[in-house]
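**Student:** Residue strings, one per chain:
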Amino acid sequence: MEMLKVKNLSISFGGLHAVDSFSITVNKGELYGLIGPNGAGKTTVFNLLTGVYKPDMGQIILDGKNITGLSPVEINKAGIARTFQNIRLFKNLSVLDNVKIGLHNNYNYSTISGIFRLPSYFRTEKRMNEKAYEILEVFGLDKEADILSANLPYGKQRKLEIARALATNPKLLLLDEPAAGMNPAETEELMETITIIRKKYDLTILLIEHDMKLVAGICEKIFVLNFGTELANGLPQDVLNNPEVIKAYLGE
Amino acid sequence: MKSKMLKINKSARSSIITVGMILIAYIICQALIVTGNMSNLLQNLLVSMCYYAIMAVSLNLTVGFLGQLSLGHAGFMCLGAFAGAIFSKCTVNAIQNTFIRFTLAILLGAVVAGLFGIFIGTVVLRLRGDYLAIVTLAFGEIIKNVLNVLYIGYDSKGIHLSMKDAISLNLEDGGIVLVKGAQGISGTPRDATFTVSVILLLITYLIIVNLVNSRSGRAIMAIRDNSIAAESVGINITKYKILAFSISAALAGIAGVLYSHNIATVQSSKFGYNLSIMILVFVVLGGMGNLRGSIISAVLLTLLPEYLRFLRDYRMLIYSIVLIVMMLYNWAPACVAWRNKLSSNLAAMLKKSKKEEL
Amino acid sequence: MNFLTHLLNGISLGSVYSIIALGYTMVYGIAKMINFAHGDVIMVGGFIIFTLMSTLGLNPFFSVLAAMIVCTLLGMTIERIAYKPLRKAPSLAVLITAIGVSYLLQNLALLIYGAESKSFTSVIPVKALSLFDGRLSISGETLVTIPLCIVIMIGLNFFIKKSKTGRGMIAVSEDKEAAVLMGVNVNKTIAITFAIGSAIAAIGSALMFSAYHNLSPTSGAMPGIKAFVAAVFGGIGSIPGAMIGGILLGVIEILSRAYISTQLGDAIVFLILIVVLLVKPTGILGRKIQEKV
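Residue numbers (full-length UniProt numbering), protein chains in the order written: chain A, 1 to 252; chain B, 1 to 358; chain C, 1 to 293.
Below, simulated DSS-like cross-link-like pairs (lysine-lysine); rule was C-alpha separation at most 30 Å, straight line:
no.: 1; chain 1: C; residue 1: Lys32; chain 2: A; residue 2: Lys54
no.: 2; chain 1: A; residue 1: Lys91; chain 2: A; residue 2: Lys77
no.: 3; chain 1: A; residue 1: Lys143; chain 2: B; residue 2: Lys351
no.: 4; chain 1: A; residue 1: Lys126; chain 2: A; residue 2: Lys200
no.: 5; chain 1: C; residue 1: Lys88; chain 2: B; residue 2: Lys239
no.: 6; chain 1: A; residue 1: Lys5; chain 2: A; residue 2: Lys65
Coverage of chain A stretches by chain B, computed from C-beta distances (three or more under 8 Å per stretch; other residues unrestricted):
no.: 7; stretch: 72 to 79
no.: 8; stretch: 89 to 99
no.: 9; stretch: 105 to 115
no.: 10; stretch: 164 to 172
Worth flagging that the hints you see were computed from the coordinates, not collected in a lab.
Beta carbons: idealized from backbone N, C-alpha and C, even for Gly.
Go ahead and model the full structure; you've got the sequences and the hints to work with.
**Tutor:** Here is the structure:
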C-alpha cells in the first residue's frame, strides 16, 4: 500500500532547479533513506513535502489524498510530521511543553475553558500530560520533562524534536539528518529508538542522513538525489555499490 | 508522576504569590487610608498604579509571550477610555446604580478595544516582526489623530458626529456635546475606585496567567520561540496571533475605562507613542514574559518619580537607558558570558560553603 | 496656481523624506533592522548646525560639514555600542534597543537645549523664484532641495554599483554568510553603511530645518518615521525606491493637508503605510525575501 506518492515534483529559485522532476513512492511501514551530496536538494524536498515551499510542478499524494499546495498546518493535520536539520525546538519552554505543543491538535479544549479553568481544562490537561510522558519515556526523556529544552544536551535535543513530531500522531515521519552531530554511541542508540517507534506507532519514515552506517543499518530502501534529480533508487546494497553514486559522493 | 504534580504546583504557586502580594498591598493601603496615614498625593496615585499595571501585564502578552513588538498599546487604552466615558456620560441618569453602570462601561471598553485588536491583528499578522511594530505604531497614531478631531454630540434625534467642530454637529437646543475634539471628554463620573481597580488588576492578571498556562498559551509561546516549527506541528499561527493581540487589546481597553473614570478630562493627545513606550519600559524592566515583574515595575515606576525629584527630572532619560541596558544585558554575547561565569562562580561558592558546613 | 504651489511643496518635502529614507533603506537592506534612532540623528544634525551658526556665527557651509562629521561619528558609535552586540539577538531585542537609542538622543537634547523650539536660520543662500507675475513663488529651499536630492541618489547609486565597498554592501544584503566566504568584512560594511546613512541624514537635516525653521528635541522623530514609511512605500532596500516613495509620500501629505484636513495629515500618511503593506508588502520596487528553513 502506498503511503506517499510523489510525481514530478519541481521547484526552482531564480533559475536554479533546486528540485527537478522528483518522483518517489514510499510504501506503508517502509523506512526510506534520502541521501545525496551537499546541496543536492534533500532538505528542499522536505520543505516541499511539508508545504514550506509551494512546488512549481508535480503532485504529492499522502495515503490516497492529494496534499499538493496545502499549507504546512494542513499538511501536518493530514499526517506528515518532520524534524529540522538545524534543530528548531521551542527553546524557552520545558521539554514537556514541547511535546504538549505537538499534541495541540489531538487534544482539544477551548481558550475560554483554559482562561476560566473549566472542567474540560483539567480533564484534557491530565490526558495530555499522560500522553506526553508516554512519548517522553520512549525517548528516555521523561526524567528531564521539567527542564528547559534549550538546556538539554545536543543529542537529546534531536530526540526531543522527534518526540514532538511524533506527538502530532503522523502517518509519515520526515527526519532531516537525525544523527547529525552525534557520536557513534548516540547514533547507535538513535537507530534503536527509530526502530522502536516505527513499530510502536505504526510509522512510515523518510529520512535524510549523511551517516552511511545509519543509512545502511536501518533503511530498507535508499533514494539518491543529485543536483535536484534522481541518481539512483533501490535496495541499500545495490545503491551504495552503484559506481554513479560513489562518483557523485567522492567526485571524479 | 510525582514530578508532574510539582509542575502544576509550580505555576499555580507563582500566581498565588502574585495574587497574595497584590492583596497584601491593597490591605496595607486601605489600612493607611482608614487611619488617615496616607498622603493625598499617594491616594491620587492608587488608581493610576492599577491601570498602568494592567497596561503592562496586557502588553506583556504580546511582547513577552507572543514575541511581537506592539507600539500602539496606548491606542487601545485610548479607545477603551473614550468608549467607556461616552457610555457613562450618556447613561449617568438612566442607570443610577454605579456598579452596574461601571461594569457595563468596563465591558464596553474591553469589547471596543478588543474588536480593534482583532482588526489590527488581522491586518498585521502577515507582516514580519519589525514591520508589525511600525504598523502598530501607525494604528496607535491614527486612533489618536482621529479622536483628536472628532466631535460627538447627542440630542433627541440621536448621536451626531463631526470631524470639524462642535457647531457642525447641528445639535438642537438642549443637545449635549460629548466629545469636543482636542479638548476631549470632561465630566465623566468618577466611578473608578481603588477597590474596583485592584479587582480589575487581579482579573487581568488571572486571565493572562491562565491563558499562558493553557493549550492556547502554549501555542502562542510556540509561535514566539519558532514559528516555522510551530507550523510544522500544526499550530495555526494566524489564529493565535489574533487571539493574543485581541485579548491584549481588550485588557488595555479596561485600563482605559479606569483611566477615563478617574480623571477630570480625557484627551486623546495623552495616548501617544510616548505612553506606549512607557508601558514597554515597564514590561522590559519587569522582564519579558514575567507578569509579576510587569506589575512591580509599573507600580514602582509610577510611584518613584513622584517622590524622587531626581527621577522626575531625568525620567525619560532613565527609561531610554533602561531599554538599551536591559537588551544588551540579556543578549550581548559579552554580557551573556559574564553572567554565565558569575552564576557558575556563585554555584561553586555555594558548593564550597555547603562542604565546609558538613 | 494653488495646486501647483502645493505640488511643488510636496515634491520638496518628499525630497527631504527621500534623503532621510536612504538611511533607513540602506541599513534595513544590510543589517535587516529598523534603525529607529535615524530620525533623531537628523535632529542632532539640526542642533549642531543651529549651534555653530547662531551661537558661534560660523558660515552655513562649514556648519553643515561639521554636522555631517558629527552625525557620521554618532551613527557609527550607535552601531558599535548598541546594535553590533545584538547581531545574533532576536529582532524584538534589536528593535527595543533602537527605540531606546532614539529616546536617549531626544532626552539628551532636551537636557542640553530645553523643550522650547528654536528658530532655525536657513542655510540656503538662494533667493525665492517668482513666476507668473508673482502668482507662483518657489522658495530657495525648494530650488535647492529637489536637485540636491537627485544628485545624492545618483551619486549613491553609482557608489554602490561601482565601488568595492558598495559591492560589498550588496553582497552582505543578499547573503551575510556567503559574503563572509567571499572575503567581505561584514562588520566593517555595516559600520560604513551607518556612516553613509548618517552623513546623508545631516544633509537632509539641513534641508528640512531650513524649510521648516522649527527645531526641537522631538522634531526628528516624526519625519524619521515618515521617511521610514517612504522607504517601505518605495520598497525597502531599494535606493530608487526610497526616492520614489519619498516624493510620493511628500506630495500626498501636502495635498491631503491642503484639501482634506490639516490635522489628519499624519493619519493619512500612516494609512498609506498600512494599505501599502497589505496590498504589496514589498513596496513599489522591492523584492520578496524568502526565509531560510
